[in-house]
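**Student:** In order, the protein sequences belong to chains A and B. Start counting the first sequence at 687; every next residue gets the next number (this note's numbering). Start counting the second sequence at 258; every next residue gets the next number (this note's numbering).
Simulated from the structure, these hints should not be mistaken for lab results. Be careful, since some hints might not be right.
As the list claims (entries may be wrong) - Not close to chain A: a few residues of chain B, all C-beta gaps over 12 angstroms, as computed:
{"id": "1", "residue": "H265"}
{"id": "2", "residue": "L343"}
{"id": "3", "residue": "R368"}
{"id": "4", "residue": "V385"}
{"id": "5", "residue": "L405"}
{"id": "6", "residue": "A413"}
{"id": "7", "residue": "G455"}
{"id": "8", "residue": "Q519"}
{"id": "9", "residue": "L539"}
{"id": "10", "residue": "A560"}
{"id": "11", "residue": "R575"}
Unchecked claim - Using 16 angstroms as the maximum straight-line C-alpha spacing, the simulated EDC-like pairs for lysine to aspartate or glutamate come out as follows:
{"id": "12", "chain 1": "A", "residue 1": "K926", "chain 2": "A", "residue 2": "E896"}
{"id": "13", "chain 1": "A", "residue 1": "K817", "chain 2": "A", "residue 2": "D806"}
{"id": "14", "chain 1": "B", "residue 1": "K439", "chain 2": "A", "residue 2": "E896"}
{"id": "15", "chain 1": "B", "residue 1": "K384", "chain 2": "B", "residue 2": "E356"}
{"id": "16", "chain 1": "A", "residue 1": "K817", "chain 2": "A", "residue 2": "E797"}
{"id": "17", "chain 1": "B", "residue 1": "K568", "chain 2": "A", "residue 2": "D695"}
{"id": "18", "chain 1": "B", "residue 1": "K384", "chain 2": "B", "residue 2": "E352"}
{"id": "19", "chain 1": "B", "residue 1": "K568", "chain 2": "A", "residue 2": "E924"}
{"id": "20", "chain 1": "B", "residue 1": "K439", "chain 2": "A", "residue 2": "D957"}
{"id": "21", "chain 1": "A", "residue 1": "K862", "chain 2": "A", "residue 2": "D957"}
{"id": "22", "chain 1": "A", "residue 1": "K862", "chain 2": "A", "residue 2": "E896"}
{"id": "23", "chain 1": "A", "residue 1": "K733", "chain 2": "A", "residue 2": "D957"}
All C-beta atoms, glycine included, are put in the ideal place defined by N, C-alpha and C.
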Amino acid sequence: MKFIDEFRDQALVQNLARRLKALAKGPATVMEVCGTHTMAAARFGLKSLLPPGVTLISGPGCPVCVTDQSDLDAFLALGTEPGVVLVSFGDMLRVPGTHTSLEGLRAQGAEVRVVYSPLDAVELARATPEKHLVFFGVGFETTMPATALAIQTAAALGLDNFSVCCVHKTMPAALKALLSSGEVRVSGLLCPGHVTTIIGTRAFDFIPAEFGLPCAVTGFEPVDMLLGIESILRQMKEGKATVDNVYTRAVSVPANPQARELLAAVFAPDDAFWRGLGVIPGSGVRIRESYARFDARARFPQVWERLTPPPPSPCRCGEVLRGVMRPMDCPLFAGKCSPAQPLGPCMVSTEGACAAAYRYER
Amino acid sequence: MKRILLSHGAGGREMAALIDEVFLARYGDPNRVGDDSATVLVGSHRLAFTTDSFVVDPLFFPGGDIGRLAVAGTVNDLLTAAARPLVLSASFILEEGLEISVLQTISESMREAAAEAGVAIVTGDTKVVPRGAADKVFITTAGVGLVLRPGVSGAAARPGDEIILTGTVGDHGTAVLLAREKLLDGEAIRSDAAPLTGLVLNLLEEGCQIHAMRDPTRGGIASALNEIARQSQVAMEIIEARVPVAPAVAAACEALGLDVFQVANEGKMLIIVAPEDASKALFIIRRSPYGEAARVIGRVSAAPPGRVTVKTVIGTTRLLDPPSGDLLPRIC
Ligand code: SF4
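Extracted from the complex, chain B is given alone in its bound form (with noise of 0.2 angstroms):
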């Protein structure tokens, strides 16, 4: 590993290595359980800690843009920590020659977003760098939340517990792609990006016992369950029938040659629920706009540990292996 690949930043193995020789090998917490947030203890309170940056091209696609996206993001990494999203910060890098007009609707887009998840941009940075030094325009959010449920992480699923999909996948990896390669006319696919604030919260404060949660993004279910399964050392199986995937959504899938359990979403989460609680959370869910389409698709057991299998829509099982040399860059 002598250059930076694109794959090391796929949000598989190669990242996963990545991340292990070159940062943690140097900094950062040995004990640390690989969730999507930090979480600190400050006096009484624990709070969530995280951050992300956005890079996607274009910056505009069906159903969202860099700025909905930059929110949405960092929201919904706050809430698998059961966290309530409290504050974030925005730093811009932007390329010189950039249209105003078009951070302008950026910005709008991010604050509309920032609303509609309940938090406050406080803080922020602006970088402008020459042109071909970056392209157009980079995001970095991070945020702050207050946890309201201490120990919901991928690291805590037990077995009997059920995998709660809050709703379609695939949908924001392929209008992206889309979108970037002009494949299709016309907005049959949209980006599902959204913050699953008003979702989430419900869930935790009505008692659903909650034991993980984690946003399919990078990697798709595909990635998230297996970090889920490595992290709590259980085993899963989702039934293939139940996963929700839109019906144009699986035709582009199907004619591009991804698998759609392998594409980013950006306003979904993976829910891992008691299995006495499943039907309550589910009916909860699905009272939110972003959760109606939500299913329970599938279950956790004890072996082999780390081990996610499909039941296939004929009826067979295979393995549910996360991606590996990702080859679509700059979806989110």
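This is chain A alone, in the form it adopts within the complex (with noise of 0.2 angstroms):
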């Protein structure tokens, strides 16, 4: 705890705090790329110590928030199919699909498992031979080298009881989605450290080089969001833009080789659905034929060719997540919508800006 507690160190703050007053010049709005950022600053309420005129907005960096509805219903339709064991992390758990959520689904007699890792769930299909077991890829470059290591694991083990329903999400295509859209209004983005400790800071070089938009590579403490936010306002002030990594406690330069080997081993690139952004060309994965026995989509077709659309639903997640609106400007947000009862996944997985802003700074 040492290590953490030397970033959450309130003299260090408030001189960071002090030094980003004195580098302001007028306003600068930052977005931050992640959901472990938006959660990080609300609880530490780290907006109120931002001089006039910086604000913080979130980004599409939650990875239940910008699943997409249809993928959604999806694996809640897997979960009717006989014999099957729906397994995901807890953050999905109440998210609302269409006709209902994993744990309604629950409780109306579905098998639904929860897990910290997709290994578990491997485990779960070797102790349970007579159910499937689908797992729910969900999540960016820092969750799926753990789904690629499952589906090698079950591979080795040759069992054929388990697969991924894969919605896995590859964080620079959406960014240059997003900021091309030109709809949002950004001076800088504070990038997550831990997505790139496995896909190098270069990842991130087409920001500034495309969009002439500085960039800081940091961690979750309240002293490294600091000095991030103080990285993209230095540049702005001497009209710079680069990828400056103050995360350097964690991430080296260049990728980490053998992740970048297991994902590419497994995956191939392929579009995605994005809640709020639609199709992004690129910006997901699918399993690669030689594991296709492990892609739920291919072991159940069926389930796919069943879905429907999902109608317009009055959430405002889209707009949350491509960072145009606020939380709080939403005309549902605590009131029909609250964490006990969540109209869309902002409000509630931990890294929502909705459930940020109704847990820490209403």
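Please assemble the complex out of the two chains, which come individually in their own frames, going by the hints.
**Tutor:** Here it is as structure tokens:
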């Protein structure tokens, strides 16, 4: 804990806040790309430390939130197939699909298991050969290697009763689509340190190169995040735009080669559906042919054939995820929509912008 | 709300709504204050009465087991009403096939906990259901206590009062979760399950002006403080840096993405005390083996009513919201 405590030091934080005030020249909008940043900012009340005019907005970095309604509906539909057990991270349990949620499905009698790692799902599959376990592969570059490893492990064990409903997404392509749309005006981006430990900082080079926007790769402690914001403000002041790595304690500039190899062996790039952003070419992955046995889509094609497109929902998570609307500006926020009765994923996930605002900032 | 969801049992908003809409709409005292124990006047004596069910999984975990929990939980609920716990009942729902030695171990642990708490287990019931109709052992305990100081209630906190926490938070919930998910080896984190009879009775006997007490079980201190703030229509601020958290618990919560303020405790008390008695109370609490790490963690103020905030370790202020849709079932 010593390690973390140093990054939560009050004197250091207040000192950094003063430095930000001295640096800030006029308004700036910094987008925190990652949901973990959203939560940390809210939990530590970071926004109150920023100079006037400097705002922090959330981006598309909450994996549960950007999972498209149609993908969630497909996973829920898998749960009604005979002998199928749905396996998911806990964060997904209460997200409303079109007809129900995983929690609701479980109350109706479906088998739904919560795990902390996809390898636990493989273990469940090994222990219950009479069932078919489908893991919901949600998340960015940080969770992808674990899913890939689970698939390889299942293959090595010769399991035939394990598959993955793969809706993993890759961050850079989504950011490119978001920034190209021109819909959201940002002055700089805080990039997630843990994603970068897998893909390397170079993956974000296109942001300064193509959009002229400064980036800072940073961790999730208050000091990390303030250092990141400081870097962005400094780059703005100096008229520079680079990817500045202020998270050097964990990220080496090149990508983690083992993780990349693992990903390349199991996944191939594909288009992906994003809630609020639509289809983004090349922003997702599919399971390679050689592992098709572990692809739920290939195992249960009938489920996808039966699916109907979700009806429009009053929830405005899409706008929140694009950074064009703050949670409290959603007319349903804290009224019709609350963590007890969430209307959208942003109010459910611990990394969701609406949940963070509800829990810590009302 | 058509079917019961696990979140209806998590001690958060969903459970409160369920209780209101299903139970209180049909029975119960419309003027109830919402404390953990009810109190009833019998002749010239005021009695505290409470009940609690235990479904923890696994049955045995570092620092305790379901038996110790079943005694400590009900005893501590009686104590929150400033009552001396007198007698308990213990009812068992057993699954066919359970080893009797398991039940013997649990009963032995209940005997020890009851002796420590100064209560007698005087009545009970035993039911056996077919395999699969329950999971191993469920226990329900009920308890009666003699109220020593009327008026101690979650609705009695006053602006200016100090908030004392009797020790570290998060131990029980983290210990059970880690044991269940087999996430950590060894016994680095132990449940704090304990009856707090000695600690609380000392305070009452030495005349400290206690206004409210609550044991922060499900939903942790976040739920407990919000309940008191709402019942008493006061605001509260706690200082994050003063809330004791064992380093291993803090690290585990960090890794599991849990907010330690929302994690269950089973051997802690939040004590709201008049400011002039705060240091005396702290001194008395620290004499108890379960109160050595007690701290004043915050203060009650007048407005805005019902709002609980945290001064964070970095000096900013944020809301302390009760948890919702908790995903850790069967912690107690
Ligand atoms: S407040 Fe609720 S309805 Fe509005 S965007 Fe957020 S999750 Fe959707």
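**Student:** A separate judgement is required for each hint: does it hold in the structure or not?
**Tutor:** Quick rundown of the hints versus the structure:
1. H265: Given a closest Cβ separation of 9 angstroms, the condition is violated.
2. L343: Non-interface label stands for L343(B): nearest chain A Cβ at 37 angstroms, farther than 12 angstroms.
3. R368: holds, 35 angstroms
4. V385: holds, 25 angstroms
5. L405: The assertion about L405(B) holds, with a minimum of 37 angstroms to chain A.
6. A413: holds, 26 angstroms
7. G455: holds, 31 angstroms
8. Q519: violated, 10 angstroms
9. L539: Consistent with the label, L539(B) stays out of reach of chain A, its closest Cβ about 24 angstroms off (over 12 angstroms).
10. A560: holds, 16 angstroms
11. R575: violated, 4 angstroms
12. K926(A) to E896(A): Distance of about 13 angstroms is within 16 angstroms: holds.
13. K817(A) to D806(A): holds, 15 angstroms
14. K439(B) to E896(A): Given that 16 angstroms is the threshold and the Cα spacing comes to 47 angstroms, the pair is violated.
15. K384(B) to E356(B): Cα-Cα ~15 angstroms, so holds.
16. K817(A) to E797(A): Satisfied, since the Cα-Cα distance of roughly 10 angstroms is no more than 16 angstroms.
17. K568(B) to D695(A): holds, 13 angstroms
18. K384(B) to E352(B): Roughly 9 angstroms separates the two Cα atoms, so the pair holds.
19. K568(B) to E924(A): violated, 35 angstroms
20. K439(B) to D957(A): violated, 37 angstroms
21. K862(A) to D957(A): Between K862(A) and D957(A) the Cα gap is close to 14 angstroms, so the pair holds against 16 angstroms.
22. K862(A) to E896(A): It holds: about 9 angstroms lies between the C-alpha atoms, which stays within 16 angstroms.
23. K733(A) to D957(A): Violated. K733(A) to D957(A) sits at ~35 angstroms, over the 16 angstroms cutoff.
Hints 1, 8, 11, 14, 19, 20 and 23 from the list above are not met by this structure, while the remaining hints are.
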